[in-house]
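With these hints in hand, go ahead and build the complete structure from the sequences.
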Amino acid sequence: MATKTIIIIGNGMVGNKFCEKLLEKSADFRLIIFSDEPYRAYDRVHLSDYINKKPLEELYMSSEDWYSSKNITLHLNDPIVHLDITKQYVESGRGIQLSYDYLIFATGSSAFVPNIPGIEKEGVFVYRTIEDLDLIKAYVNTTQKGTVIGGGLLGLEAAKALMDLGISKTNVVEFAPRLMPRQIDHAASTVLQQKLQQLGLEALLNKATAFIEGDTKIQSLHFTDGSVLETDILVISAGIRPRDELALKSGILVGPRGGIIVNKHMQTSEPNIFAIGECALFEEMIYGLVAPGYEMAEVAATTICEGNKSFKGFDMSTKLKLIGVDVASFGDPFIEEPYARTIVFEDKNKGVYKRLNLSPDGKYLLGGMLIGEANSYNMLLQTVNNHLVLPENPEDLVFGERSSSGQNASTGIAALPDDALICSCEGITKAQICHAVTEQNCENADAVKKCNKAGSGCGGCVPMVKDLVTMTLKQQGKYIRNVICEHFQLSRQELYDLIKIHELKTYDEILDSLGKGDGCETCKPLVSSLLASTWNEMILQKGNDTAQDSNDRFLANIQKGGTYSVVPRIPGGEIHPDKLIVIGQVAQKYGLYTKITGGQRIDMFGAHLNDLPFIWAELIEAGFESGHAYGKALRTVKSCVGSTWCRFGLHDSVSFAIQIEERYRGIRAPHKFKSAVSGCIRECAEAQSKDFGIIATEKGWNLYVCGNGGSKPQHALLLASDIDSETCIRYLDRFLMFYIRTADPLTRTATWLNKMDGGIDYLRNVVVNDSLGMAQQWEAEMEKLVLAYTCEWKAAIENPHIRKRFSHFVNAPDERDTSVRFDEMRGQKKAADWNIPSITS
Amino acid sequence: METLTNTKWLTACHVDDAVENGGVCIKHENQQIALFYFTRRNEWFATQNECPHKRQMILSRGMIGSLGEEPKVACPFHKKTFSLRTGECLSGEECAIKTYPVKIENGMVYIGVEN
Numbered sequence: 087m088a089t090k091t092i093i094i095i096g097n098g099m100v101g102n103k104f105c106e107k108l109l110e111k112s113a114d115f116r117l118i119i120f121s122d123e124p125y126r127a128y129d130r131v132h133l134s135d136y137i138n139k140k141p142l143e144e145l146y147m148s149s150e151d152w153y154s155s156k157n158i159t160l161h162l163n164d165p166i167v168h169l170d171i172t173k174q175y176v177e178s179g180r181g182i183q184l185s186y187d188y189l190i191f192a193t194g195s196s197a198f199v200p201n202i203p204g205i206e207k208e209g210v211f212v213y214r215t216i217e218d219l220d221l222i223k224a225y226v227n228t229t230q231k232g233t234v235i236g237g238g239l240l241g242l243e244a245a246k247a248l249m250d251l252g253i254s255k256t257n258v259v260e261f262a263p264r265l266m267p268r269q270i271d272h273a274a275s276t277v278l279q280q281k282l283q284q285l286g287l288e289a290l291l292n293k294a295t296a297f298i299e300g301d302t303k304i305q306s307l308h309f310t311d312g313s314v315l316e317t318d319i320l321v322i323s324a325g326i327r328p329r330d331e332l333a334l335k336s337g338i339l340v341g342p343r344g345g346i347i348v349n350k351h352m353q354t355s356e357p358n359i360f361a362i363g364e365c366a367l368f369e370e371m372i373y374g375l376v377a378p379g380y381e382m383a384e385v386a387a388t389t390i391c392e393g394n395k396s397f398k399g400f401d402m403s404t405k406l407k408l409i410g411v412d413v414a415s416f417g418d419p420f421i422e423e424p425y426a427r428t429i430v431f432e433d434k435n436k437g438v439y440k441r442l443n444l445s446p447d448g449k450y451l452l453g454g455m456l457i458g459e460a461n462s463y464n465m466l467l468q469t470v471n472n473h474l475v476l477p478e479n480p481e482d483l484v485f486g487e488r489s490s491s492g493q494n495a496s497t498g499i500a501a502l503p504d505d506a507l508i509c510s511c512e513g514i515t516k517a518q519i520c521h522a523v524t525e526q527n528c529e530n531a532d533a534v535k536k537c538n539k540a541g542s543g544c545g546g547c548v549p550m551v552k553d554l555v556t557m558t559l560k561q562q563g564k565y566i567r568n569v570i571c572e573h574f575q576l577s578r579q580e581l582y583d584l585i586k587i588h589e590l591k592t593y594d595e596i597l598d599s600l601g602k603g604d605g606c607e608t609c610k611p612l613v614s615s616l617l618a619s620t621w622n623e624m625i626l627q628k629g630n631d632t633a634q635d636s637n638d639r640f641l642a643n644i645q646k647g648g649t650y651s652v653v654p655r656i657p658g659g660e661i662h663p664d665k666l667i668v669i670g671q672v673a674q675k676y677g678l679y680t681k682i683t684g685g686q687r688i689d690m691f692g693a694h695l696n697d698l699p700f701i702w703a704e705l706i707e708a709g710f711e712s713g714h715a716y717g718k719a720l721r722t723v724k725s726c727v728g729s730t731w732c733r734f735g736l737h738d739s740v741s742f743a744i745q746i747e748e749r750y751r752g753i754r755a756p757h758k759f760k761s762a763v764s765g766c767i768r769e770c771a772e773a774q775s776k777d778f779g780i781i782a783t784e785k786g787w788n789l790y791v792c793g794n795g796g797s798k799p800q801h802a803l804l805l806a807s808d809i810d811s812e813t814c815i816r817y818l819d820r821f822l823m824f825y826i827r828t829a830d831p832l833t834r835t836a837t838w839l840n841k842m843d844g845g846i847d848y849l850r851n852v853v854v855n856d857s858l859g860m861a862q863q864w865e866a867e868m869e870k871l872v873l874a875y876t877c878e879w880k881a882a883i884e885n886p887h888i889r890k891r892f893s894h895f896v897n898a899p900d901e902r903d904t905s906v907r908f909d910e911m912r913g914q915k916k917a918a919d920w921n922i923p924s925i926t927s
Numbered sequence: 004m005e006t007l008t009n010t011k012w013l014t015a016c017h018v019d020d021a022v023e024n025g026g027v028c029i030k031h032e033n034q035q036i037a038l039f040y041f042t043r044r045n046e047w048f049a050t051q052n053e054c055p056h057k058r059q060m061i062l063s064r065g066m067i068g069s070l071g072e073e074p075k076v077a078c079p080f081h082k083k084t085f086s087l088r089t090g091e092c093l094s095g096e097e098c099a100i101k102t103y104p105v106k107i108e109n110g111m112v113y114i115g116v117e118n
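Each protein sequence line maps, in turn, to chains A and B. Heads up, the first sequence is in this note's numbering, so the first residue is 87 and it goes up one at a time. Heads up, the second sequence is in this note's numbering, so the first residue is 4 and it goes up one at a time.
Worth flagging that the hints you see were computed from the coordinates, not collected in a lab. All of these numbers come straight from a predicted model, not from anything done at the bench. All residues carry an ideal CB built from backbone N, CA and C; glycine is no exception. Any given hint might turn out to be false.
Stretch-level coverage of chain B by chain A, calculated; a stretch enters the list once three of its residues show a Cβ under 8 Å from a Cβ in chain A [claimed, not checked]: (1) 25-35; (2) 38-47; (3) 82-95; (4) 103-112.
Below, simulated BS3-like cross-link-like pairs (lysine-lysine); rule was C-alpha separation at most 30 Å, straight line [said to hold, decoys possible]: (5) K111(A) to K82(B); (6) K30(B) to K890(A); (7) K223(A) to K57(B); (8) K231(A) to K434(A); (9) K407(A) to K139(A); (10) K890(A) to K106(B); (11) K30(B) to K675(A); (12) K536(A) to K82(B).
Computed, partial: chain A to chain B, Cβ under 7 Å [to be verified]: (13) K536; (14) C537; (15) G603; (16) I644; (17) H894; (18) F895; (19) N897; (20) W920.
And the structure:
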């Protein structure tokens, strides 16, 4: 068969997907793309990440040489200006004339800009492309107040972008009486509005803009109700307009309100010309989401390859995180009495709103919406799409966040039919995912992703893919164990016990007797951590050095550019002026950037590998020791100044913090752990956000455990109250040994407790009441670890074999790595930005 | 292994200078080469020192191991893994790293670089 030519107009996400889909089906076509944008296809869904400094390279849909490797010709910056549908040829802006066998419109949409007087003023922007974002970024520096017209999904995204750019006062103006009018109802909008307000985003509803005021630059918006809003920058996000101008000009049928009319095979009024994505109008509807666009690409590619597939409309359910708030709507979110019965749950305290629309007989779910918390979205969507019969108490689906919810979910996915669409971005069904497990031996969601791309788009379905994999493995009779990796068919806890029983002391010994293969970056640091937790020997000795995580191997934290940061221990945050001076001198001598850490100590950045032993020799000489900032170990015990100075202080929190920090320093655990001691209930040390925190009371100390800051903040829970210092330390010994022994790898204490059956009551029973009879043993084990402590850095610089490893070039040990680059900021150095990624062939 | 007609053998270091089950970095003119002594398998490997993901000169400090039978190195920055044998990225990215032949003679390590 002679090679036929397909010309694709537009290189957005959908146009790109069309090329992928077509190449999967046939190699008999020549693909030529014309795009009026200067960049190849990028992920427009995650455009706002670009504002947060995500480089464009990471947003690209494919690597630079992908097109040439697939024999696709890509003309960027070159729009098609003329199309002749009878002679079947196109002409580009740069004068390229080509004839085609098939033509694909993937021209997408542009922002709809309403005709408001003054709209041409400086400071008015749209939000669609990388170029728009660059323009906004360049303008924003001088402004303080920002406004977005349009309270829909894109408008709120744009508002987030303005906030991310540092505009703290951002307003959203919406013509309708509620936010996101196409997705959520009035009550949901009210909850969303309150949540956004807490985050600094004000919504003005029922507002129509009459005109824009300002000399050359925008100064304010005047509304039809007479009110005025001052603003320095305005972003218009009032809807999209399909890019159909070329189609219209060429005699292809378009809809009265825009959009290239297509049939169920995505064919336009000319059968060999197709339209897909946001420029296509199917049954009087424009589909402004990426998943239906991908489905259209699939249908068009199949039709051209003479297959039979039709577009049947598309579920417009969405789930997204808007400025940190979950918003989801699915099925028919608005259907009401008498066609549906609704269940509504509203928690204004937490900012949660959930609505379920049931069929009038209460048997089926028709749709709904979730604001503030949307964990059950995937299951609810599947329940709607697959017409599943609801359980007796359907409210449990969303409101029953009780301990049995996990089980409900798994019986739920078992009931899904085989053709249930799980990953709508890639069009992967339940059967395809289960098949990947049974026939292609995928044992986790990552393997499934590689196998059939499920979960590689927006990622929203990944939790459900995981559940399906687990369920399928179980059905096959495979025993699901939390094994470490391919080299150890054991859980961390099993390995911990075996190391102890067999008194194993090196990684190779353990791999030879308990594992197989040659190890990897998962099991090596895990085993090293267990060895350290069990024996507390110098981690870089006995051939264990290369089994350590990179930071442990060089006893420092690797930073951007390949230099390291140095953190000496400053117990309790107390430091003598002489030592402060030493830190200053060392930092000056070795050219280090200094910063105070959140744990009341000082971090020095930008140290060359070669300099580390010299830096530490000077620090140790001045009485410092390793701070273990690089290890899965105790970081700091933060303290307030306590009763020695503070007029409110009940006890000497600093002394107790120092005592505790020095007791547990250097002990390796499943993850890092942090602590704090406060001298009174005012809690200036923020002890309740720590893995263990201690607060002074009139009668002694209150001990709190399993708190966490970080990405999932969680307050610590009270373990024991009004205890004396000695009891407090005994409880801590037991608590820490219990954690070290039983937690999964890389699990902080908060997550460990969350997974523990019986929760804090069980933990208290074990630690305080010694319900397992382990207290004595754990206290003895901890005592051993405490006595075995030595400063790792002291040991490292005194041992010539270890010290030798701190050089970059083994054949030029005195030379530093010349590829390391720094920039300057506020009079100090900073690491140069990541080099632009290149693909080496 | 590739044809070595055009190969110049760079004297890298003494066998004792290499790190057991780990890597060291060799300076070769303006280039950096990572040299790995996979003691468990009694094999030597050499690759470019730069991780192509964020273009960092770092692979010699990476952790080595195996994926099935394939020997691999993991970059310390974002844990991208590469085959030590072929240089292929094993974490599903389209980038690969360059590999070099290695030979041991009289206690010295030699790396084959193009002439």
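Broken hints, by number: When the structure is compared with the hints, numbers 4, 5 and 14 turn out to be violated.
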